[in-house]
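Protein chains in written order, with the numbering used here: chain A, 1176 to 1264; chain V, 1176 to 1264; chain P, 1176 to 1264.
Since the list gives no way to pick one copy over another, a pair counts as held whenever it fits inside one copy or between any two copies.
Calculated pairs, DSSO-like style, for lysine-lysine (alpha carbon to alpha carbon, straight line, at most 27 Å):
(1) 1260 to 1201
(2) 1186 to 1201
(3) 1260 to 1203
Calculated directly from the structure, the hints in this document are not laboratory data.
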Amino acid sequence: QCIIDNVVDLKVQSAISSIVSSTLAKAKLLCQDVSARGALVSCPAGYKPTGCACGMACGSWDIRSDSTCHCQCGGIDWTAARCCKIGLE
Amino acid sequence: QCIIDNVVDLKVQSAISSIVSSTLAKAKLLCQDVSARGALVSCPAGYKPTGCACGMACGSWDIRSDSTCHCQCGGIDWTAARCCKIGLE
Amino acid sequence: QCIIDNVVDLKVQSAISSIVSSTLAKAKLLCQDVSARGALVSCPAGYKPTGCACGMACGSWDIRSDSTCHCQCGGIDWTAARCCKIGLE
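Just chain A, with the same shape it has in the complex (with noise of 0.2 Å):
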């Protein structure tokens, strides 16, 4: 006789939980800044803005649209954004 429900659901949770812990450890939170003159800059496509940094010392900003820092100060010289995404490394 196959005992196949004892012996497929100790093989099954067993491996299950290695390789989920093994892929899940190598799940790494990607990051790269991007800037540019203005007072506007957006995420590449599929990154999150974390925060945002200003030109003439500004620490006021807002997120537009979740994925572009502006930078509220007058005449702002330059913007940059820090992006974010989940990847596997």
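Please arrange chains V and P on chain A, whose structure you already have, making use of the hints.
Using the frame of chain A, we list chains V and P on its own:
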């Protein structure tokens, strides 16, 4: 005879790799912005602040209790938090 | 006869989906703050900076080597980094 072990090994490995990969590919950084009057603003439950912005061009801030943005400049008018979590899209 | 294929298929699919989902649900953004005197501060190994804060109200910063916050204003007194990674809670 049921050569269960080999069959299961083969099927399990293949199935797991496929499902884990496709599931992980759906893991995204989900972010939102929150802002409030004054020098403090907290992220919604489940979200972590990844950066803060302050009124009055102020770039001096810290994060309290892993959940709240605090702008340090005197008489700050507004504070914003960029809040992110890992989610499945 | 052992109808292994179907049984395994069914059990594997179900078990994998369940374990992958519950494991992924434990994947969290783990963050911490580090700060130091001067214009530079690095995240601990395994963590990535998602944003930086500077003394003197300065909001102009950049990230070096994907690991170090650098505040650009002259004579900066302190620099802080918000550092995050993906982890299982």
